[in-house]
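Using the hints, position chain B against chain A.
2 protein chains.
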Amino acid sequence: MYNIGVDIGGTDTKIGLVDLNGNIIDKLVLKTDTISGFDKVINDIKNTVDNLINKNDLSISDIETIGFGVPSFISKNGRVTCVNLGWIDIEFVPKINNIFKGVKTYAENDATVAAVAEYRFGSMKNHNDVALMITLGTGVGGGIIINGKPFTGANNMASEIGHIVIGENYYDCNCKTNGCFETFCSATAIIKYAQKLINEGRDSIISNNINSLEDITAKMVFDAYREGDKVSKEVILRFKKYLAIGIGSLINTLDPSIIAIGGGVSKADDIILDGLCDMVRKNVLYKEHDFGEITIATLGNDAGIIGAAFLGEGRI
Amino acid sequence: MYNIGVDIGGTDTKIGLVDLNGNIIDKLVLKTDTISGFDKVINDIKNTVDNLINKNDLSISDIETIGFGVPSFISKNGRVTCVNLGWIDIEFVPKINNIFKGVKTYAENDATVAAVAEYRFGSMKNHNDVALMITLGTGVGGGIIINGKPFTGANNMASEIGHIVIGENYYDCNCKTNGCFETFCSATAIIKYAQKLINEGRDSIISNNINSLEDITAKMVFDAYREGDKVSKEVILRFKKYLAIGIGSLINTLDPSIIAIGGGVSKADDIILDGLCDMVRKNVLYKEHDFGEITIATLGNDAGIIGAAFLGEGRI
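Line order of the protein sequences matches chains A and B. Residues -8 to 307 in this note's numbering are what the first sequence spells out, letter by letter. Residues -8 to 307 in this note's numbering are what the second sequence spells out, letter by letter.
Just so you know, these hints were derived from the structure itself, not from any lab. The reader is advised that the hints may include incorrect statements.
Identical chains share a label here; the pair holds if one copy fits it or two copies do between them.
Said to hold, decoys possible - Below 35 Å or equal to it, Euclidean Cα-Cα: the simulated DSBU-like pairs (lysine-lysine) are:
hint: 1; residue 1: K278; residue 2: K22
hint: 2; residue 1: K167; residue 2: K95
hint: 3; residue 1: K22; residue 2: K95
hint: 4; residue 1: K221; residue 2: K92
hint: 5; residue 1: K187; residue 2: K67
hint: 6; residue 1: K183; residue 2: K167
hint: 7; residue 1: K167; residue 2: K18
hint: 8; residue 1: K37; residue 2: K278
hint: 9; residue 1: K221; residue 2: K167
hint: 10; residue 1: K278; residue 2: K232
hint: 11; residue 1: K258; residue 2: K273
hint: 12; residue 1: K278; residue 2: K67
hint: 13; residue 1: K187; residue 2: K231
hint: 14; residue 1: K140; residue 2: K67
hint: 15; residue 1: K46; residue 2: K167
hint: 16; residue 1: K67; residue 2: K92
hint: 17; residue 1: K273; residue 2: K167
In isolation and in its complexed conformation, chain A is listed as follows (with noise of 0.2 Å):
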């Protein structure tokens, strides 16, 4: 038996294979149609899926669960808003039911779906009580697994951790509250901060990279970090500091057994992970006892497929 795991993207939705020890066996890429709306795309889904499993000389019988991974809020009753992808009170989950009859279908937030995976097959494996993912990449996202199982709260509202607000910042989160985590600790936040620096006058070498101000990305404040740069040091620590308190307040509140880092920025692993622990105790309550392990996500962009393809495991 197999799984299969779709995870749809703002620009592609890729649809993989994967058996039954998390391995991808085969995996096909289509672009996400975001003009054509919903049916379009789940129709294309639907033929996708079908020509992986000829391709690989299967049949729908030989298929245990679909799911699906999706970049936005569904609600309890499975209906989805997705203003990138032009998606507006979508019945999402009743029309994949319909679609893929015969079959078990689930569907979750992208960041749930990521911390299903590394819970199953990557850095949060046999971490039964409480695991934690944070995604470090335009935004802040969050997934939590309690008991081997997604946690999506009451109302699938849960996990939206780059929302909590853990200070007071110079610009609005897009979400219109000040002081979001990932007002602070994304790559978006990074960008900003360190546009704002330069903006006001100060020397970097990111200046000798770039046209304008809006070229410059994490992996430069990162990299000039590498090499000394006093306005990426300002803009690093600033990140890590507040990574620091939001990582704390999450301890505060669920205390995991561990804490994996993902998304783009987590690849400046060596970067993030040095001395954070010391800092994250400090906003620790208990700071004389053990908190959990702090690391880096280990699945990388196949969390989406496999995440996707076990939603349903420990459920069923």
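Below, chain B without anything else, positioned relative to chain A:
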């Protein structure tokens, strides 16, 4: 059959005989001996439990479980350090197991105990998915119930929501972090901010009723607010602003179906709840969707005994 709940506080220890419907049949109160050490305290408790049982013509075989609420952290191996009680790294759970041999014993932090009581018999009844209790007293405490069981995290450090960082404050928390929820929303925080404004020369009717700023209580501030006092209005608006930020962050993390506010400050329930939902909505990510109900806890001081008596339920 009956349960016994033991609510250990810094001044008094309350011991209640509780029937299986959560009614306190009888209770005895003794001074908590914070001078003579843990063995004396636990011996006093044992004698009082025996008295309570005899007094009600029962024997130990009529007691299903004995539960303890402790005003401190309890480690996974049952050890307790509580400076207020003069206990340093006490083998709490092993010792109560030994002294109450033959009866099932349980122990949890007092805020978790109160949440168990409210979940089983009070304001959070039937909220079987995720229920959150917030206690606003000298500090801010929290208790989380997930799937009908107390959620205490991987290392019993969870639900210390008084120490999530939600902003920047003009004084540091006792825990040495700046910006903790309890430095904005405890009775202590309300008193301190009123003292600060009056000390800065602001006129307030509170000043008419006190000899020194040390005499100010949170109740005085709420009472003066009702009388239109401007300083008190500023203090209460600040308290509510941050209460909404804290609750918003907790919804974004835990998404409870109910949030019950307890503790001494919650007696001003009309002032606290007035407009609170709309303020919280501004801090919730999914502003257009319904989040959990926000209400006031109903069991008051009895929650300590009742919750302790029912710590074993759902776990046995």
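Each hint, compared with the structure:
no., hint, result
1, K278 x K22, "between (48 Å within a copy, 30 Å between copies)"
2, K167 x K95, "neither (38 Å within a copy, 50 Å between copies)"
3, K22 x K95, "within (25 Å within a copy, 59 Å between copies)"
4, K221 x K92, "neither (58 Å within a copy, 64 Å between copies)"
5, K187 x K67, "neither (41 Å within a copy, 46 Å between copies)"
6, K183 x K167, "both (17 Å within a copy, 30 Å between copies)"
7, K167 x K18, "neither (38 Å within a copy, 51 Å between copies)"
8, K37 x K278, "between (51 Å within a copy, 33 Å between copies)"
9, K221 x K167, "both (31 Å within a copy, 29 Å between copies)"
10, K278 x K232, "both (17 Å within a copy, 29 Å between copies)"
11, K258 x K273, "both (25 Å within a copy, 33 Å between copies)"
12, K278 x K67, "between (38 Å within a copy, 16 Å between copies)"
13, K187 x K231, "both (18 Å within a copy, 32 Å between copies)"
14, K140 x K67, "both (16 Å within a copy, 22 Å between copies)"
15, K46 x K167, "neither (47 Å within a copy, 60 Å between copies)"
16, K67 x K92, "within (20 Å within a copy, 46 Å between copies)"
17, K273 x K167, "both (29 Å within a copy, 8 Å between copies)"
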